[in-house]
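Chains as they are written, first to last, in full-length UniProt numbering: chain A, 1 to 328; chain B, 1 to 328.
Honestly, the hints are just simulated from the structure, not real lab data. Errors might be hidden in some of the hints.
The list cannot tell twin chains apart, which means a pair is met if one copy fits it or any two copies do.
Said to hold, decoys possible - Capping the alpha-carbon separation at 20 Å, the derived lysine-lysine pairs in PhoX-like fashion look like this:
id	residue 1	residue 2
1	Lys114	Lys86
2	Lys86	Lys161
3	Lys173	Lys161
4	Lys161	Lys28
5	Lys253	Lys328
6	Lys114	Lys173
7	Lys48	Lys328
There are 2 protein chains.
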Amino acid sequence: MDQQHQCTTAAATIHCIVKLGGAAITCKNELETINEENLTIVSSQLRKSMILGTTHGMDWSRRPGSLEIPTVIDDDVNHQSELDSKKFIVVHGAGSFGHFQASKSGVHKGGLSKPLVKSGFVATRISVTSLNLEIVRALAKAGIPSIGMSPFSCGWSTCEKDLAVADASTVVKAIDSGFVPVLHGDAILDTSQGCTILSGDVIIRHLAEELRPDYVVFLTDVFGVYDRPPTESNAVLLREIAVREDGSWSVLKPVLQDTSKQVEITVAAHDTTGGMVTKISEAATIARLGIDVYIVKAATSHSLMALQGGLKESIPDDWLGTVIRLAK
Amino acid sequence: MDQQHQCTTAAATIHCIVKLGGAAITCKNELETINEENLTIVSSQLRKSMILGTTHGMDWSRRPGSLEIPTVIDDDVNHQSELDSKKFIVVHGAGSFGHFQASKSGVHKGGLSKPLVKSGFVATRISVTSLNLEIVRALAKAGIPSIGMSPFSCGWSTCEKDLAVADASTVVKAIDSGFVPVLHGDAILDTSQGCTILSGDVIIRHLAEELRPDYVVFLTDVFGVYDRPPTESNAVLLREIAVREDGSWSVLKPVLQDTSKQVEITVAAHDTTGGMVTKISEAATIARLGIDVYIVKAATSHSLMALQGGLKESIPDDWLGTVIRLAK
């Protein structure tokens with residue numbers, strides 16, 4: 001398939017769009033708490049996947065409340081030549097950031113003339129942008145030239161909750177200048193109902209359609225998509241899902257006994273943008289474009305392999321995760 | 001003067017564009033330290049100037065490292081009717097945020113292919129966006145529906161360091177939806193030299209030209225513009241400066257003995273975007289449009305009067321500050 005032909009906006013091929021799932025990088029049941037250990041490993045894996053050669057920390061800031069002096073780059077780094085790097089876009093979810101504020105006020109239902117909704121809109125944006133800043137810092141600390149970009153500030157808006165204005169040109173310019181844009185699920189304006197919540201998964205789908213990356217990776221807190229809630233002991237990991245041109249899909253591996261069986265999913269009650277349902281639906285939409293989608297547990301050897309593009313040719317038997325791709 | 005006629009973008013009249021000077025809201029000689037006391041008073045004065053009636057906190061987030069549970073709005077607030085509010089835009093400088101990272105790496109000189117500049121660009125944005133988040137939080141806590149918007153994310157860019165692309169439509173949409181956009185001096189892309197620093201003062205001038213507010217207030221850490229560095233004991237506060245159509249200007253009050261004398265200014269060595277020189281020059285450009293500019297010490301009764309628009313008709317004798325306006 002000639003992907004270049006369909007790529008109208010990007011000057012250069014995007015290698016990978018990565019979703020950092022809210023559940024993977026935050027402690028989902030603790031209000032506004034980052035899973036620091038996972039975020040550090042994820043940042044390091046992203047750096048290894050993007051940049052060939054050594055790099056250095058790009059966060060020279062003091063953290064609020066900390067007396068620690070930031071580590072600053074040596075001047076002699078300027079004599080190094082620029083490193084080869086692959087073009088990545090990072091999009092993250094909200095996890096324990098933003099959801100509480102959004103659901104408390106009903107931002108997704110719109111109605112900015114209501115004081116509660118307007119306040120909730122402001123509170124939601126404060127929460128998700130503070131998570132964005134922390135993620136940008138973690139990536140920069142690992143040596144990734146990360147640039148935080150909020151969909152609201154990019155001027156993105158919806159109409160009847162569907163993306164209506166979502167110009168990717170600022171994202172593309174950042175990539176072409178050698179940066180890694182870091183977008184996030186956000187509270188944005190909606191021309192019909194005033195405001196809504198734009199999920200990270202919808203952002204990924206839109207950017208995949210516009211920019212046609214080689215592959216898309218969803219980093220999550222379980223090994224992939226299961227045939228029933230993964231907390232159940234007999235849950236089976238779905239290794240490979242084939243999506244047909246008409247949007248229907250079926251499980252290729254493992255061979256399930258009851259093929260008509262619906263994949264059951266768990267949706268956390270406080271997740272205002274939908275959980276695994278949205279994810280599979282958005283992933284299938286991306287796969288229909290001929291772009292491989294990998295859903296994999298963050299901070300594992302399996303996620304590193306997916307991020308590095310090691311699954312494009314063949315999927316090793318010992319790789320744990322879910323591949324969603326166009327039926328051949 | 002028919003200001004409405006010249007207003008091409010805004011659907012509604014902007015009352016005031018406020019600059020929160022870096023020196024007023026940060027401790028300029030302590031790396032990345034906010035002047036909390038000033039910021040709290042400034043936020044409260046802004047709320048009083050914008051919104052008639054009582055309001056409530058809109059920051060429902062936990063601060064990083066804090067165990068404090070955020071104060072959340074009562075549900076019954078939804079039964080309140082929307083408050084009358086004046087349309088404001090806030091733009092802040094960097095103070096002790098961003099300058100260090102920018103000057104260490106020379107971001108204003110461009111050259112993104114150099115690893116030091118690219119790293120410095122990332123580090124600068126992390127620093128200024130963390131300040132932006134803190135200011136948005138302080139304003140929201142005071143009851144102002146503040147929305148952080150980075151010029152980089154808005155897609156603004158320069159060519160040969162002059163603003164080339166700076167679409168204000170996202171800012172206008174935020175205002176029309178009842179929010180208070182909070183912009184900031186930022187590291188942005190430059191089509192000729194790769195990157196540069198866009199100062200808060202240049203942002204103010206651009207927005208004033210585009211949106212024609214009733215007046216512009218610069219909040220700073222001294223009482224206004226002096227005839228020599230204000231640290232000198234015999235420095236004289238310039239009360240009123242008249243700008244002529246051709247851009248030349250003269251001091252109307254007080255009557256200076258030596259009228260040919262240049263106004264001396266202090267520029268802190270680490271201020272990469274220029275200090276008072278840029279401010280007067282940008283202020284004069286705004287005043288030439290027929291928009292009154294007030295330069296006043298933050299967190300004083302004088303700043304409150306300026307923010308509330310109390311100087312439009314006449315300037316009380318006991319008001320301390322500098323008025324810059326079109327010569328009559």
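*For this structure, which hints from the list above don't hold up?*
Going through the list in order, the structure violates hints 2, 4, 7 and respects the others.
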